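Here the sequence shown is numbered in the working numbering, starting from 32 and rising by one per residue.
Any given hint could be a false lead.
[What the hints assert, rightly or not] Restraint ranges, calculated between C-beta atoms of paired labels, are given here: (1) 543 to 450: 28 to 38 Å; (2) 354 to 469: 19 to 29 Å; (3) 101 to 161: 50 to 60 Å; (4) 166 to 45: 46 to 56 Å; (5) 216 to 173: 43 to 53 Å; (6) 469 to 491: 16 to 26 Å; (7) 162 to 475: 50 to 60 Å; (8) 524 to 142: 19 to 29 Å.
[To be verified] Capping the alpha-carbon separation at 25 Å, the derived lysine to any residue pairs in SDA-like fashion look like this: (9) 103 to 119; (10) 267 to 286; (11) 218 to 323; (12) 111 to 172; (13) 218 to 249; (14) 64 to 250; (15) 148 to 215; (16) 111 to 64; (17) 64 to 277; (18) 103 to 504; (19) 267 to 323; (20) 64 to 294; (21) 111 to 495; (22) 64 to 286; (23) 64 to 246; (24) 218 to 246; (25) 218 to 172; (26) 64 to 203; (27) 103 to 323; (28) 218 to 175; (29) 148 to 107; (30) 111 to 91; (31) 64 to 495; (32) 64 to 492; (33) 148 to 138; (34) 177 to 202; (35) 111 to 84; (36) 177 to 492; (37) 267 to 203.
Honestly, the hints are just simulated from the structure, not real lab data. Remember, it's a predicted structure, so these values are computed and weren't measured experimentally. Every residue, glycine too, gets a C-beta built ideally from N, C-alpha and C.
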Amino acid sequence: MTLHRDADLICLFPGSGDRLRLEAGSITVLLGKNGAGKTYLLESLAGLRPNDALEVSYGSEPLWRSRRGGRKQRNPEALKAYGYASQSPEEQLVARTVEAELRETLRPYSLSAVVTKARIAASLEAVGWDETWLSRSPFYLSGGEKRRLALACQLVSPGDWLLFDEPTAGLDAPGQERLTRVLTERKQAGQGILLISHDSEWALPLADRVLLLSEDGASLRECKPESLVRHPEWWKEAGMAVPAWLEAIAPLLRRGVPVSAVWNPAKFAAGWGQTGRQAEDSPSASSSVVYRMGTAEARKERSLVPRPSVSLFDPRALWLSYVLLSLAIFAQTSWWGVAAGGALVAAAIRGGRIPLRRWSGLINSFLWFTVTLSVLAGLGQGEGGGWGFQAEAFLNALHSMARTFLVFLLGLGLSLAITPLRLRRSLSSLLGFRGRIAPPVQRFLLTVTLMLRFIPIFLSEWERFSRYAIARGKETGRRSVVGSIKRLSRTILPMLLALFRLGDQAAVSLESRGIGKQKYPTLLRIRSWGTRDTVLVSAVLVISAGLWLLR
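Work out the full structure, taking the sequences as your base and the hints as a guide.
Next comes the structure, spelled out in structure tokens:
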């Protein structure tokens, strides 16, 4: 069952005008060097990342639609045209039973009970399970069984396309064989498959077409697998090493063994003794098309964010300045003082080139929380005994939350400007005595360092699972109370489970590195306090004193 008759995946690159069409009922493999942007491209094709350099359509359904004011919104019909599996799809398993996981995947499609039951049975059969597995809990499955369940959740989707990011990661040989069989069956059933793989020896025999992403992500070469085997220089042009298996068979290919025999070991062994040079497999065996994309420029713009100028200062100077300015802001009792503090915070963020755009979601949430809390504080009983909205109580609560918000912004900027390692070394030098650190100080420094280290990790995990929630729940991103609750429910639980796993890994890592075993560890000397640090602290001290007088 598929959702669209015209199910081809169409990609238009506005910067060059090139147009790429991937046909349904075929398998396309995306290859490229690490860091070239394969996952970014796949997520753009799934609508998980906005990408102005790429226009995507699933059949006649555009992936993005323009709204009033020029804003774009995901098209729910296009989202339903595919199933998406990340590099670790088992991390999205949060339901209590296998059946609940499969039904959660089918929820956006509003299928009948009969069709739902049939698709669940077919997906279980595809991974070698029967209906006795439906009542099992995903939390009690082994790692391999979780991968099977994640694959079943992908296969139960009735969309026209299956998008995989490294589907063979963590799979043994039998698991790869099972995946090969399943993908071949889905291809024959008319579904299109686009997958990323670093295992070219496994992926190329499956592929009908290959997309080779250039090292800088600026171009995309489309060719047949046989063409890629015949042209090892294409691998090098993409910044990749020629696979060892391809180098091993290169002499035979030069002697005329057909490329088609490479995928069949028995046929390939028979060709070992051939001496005459044979014809190419097809007239188009060496053909390829190179598409020019604008995605590289977009990725470079994000990667070339100017380094925060405050990172040039000693972390001790930055923290001391932060404490002084925060105390001065919290001491404000008038709105004029809060306004002055806000102007100083804005100047510090702009002058320090601190990138807060990534935290926009968290900042907006804090603002909504501030307004909501202030409104609730304003609802109460007045002096006359009547209930209603009390403006004075509202303004008092808003005044208190406004000061907290300003200090919150400064803290975010500080966490972005100072790496946890620089902070730990600076505080160790500041709090150490005769080159040693006392155990209580060690515990304090470890706590502060881990907190700062986990703040960006927390944000990164939230963004990652938010994208996964869009892919699985087919959320369009439309701002509404119901939509926000749905996205929150699909994001928060898998993210919390991932954070628990990260906590376990951090504990094992700290223990393996001997943290805490040495009672008085020796300190590492860092650079000395500089003139610019003295100037910074002095300037902040003067400004803070001015705020104290203004209050």
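(message) Which constraints among the numbered hints does this structure fail? Numbers only, ascending.
(response) Hints 1, 5, 6, 9, 11, 12, 13, 16, 22, 24, 25, 37 not satisfied by this model.
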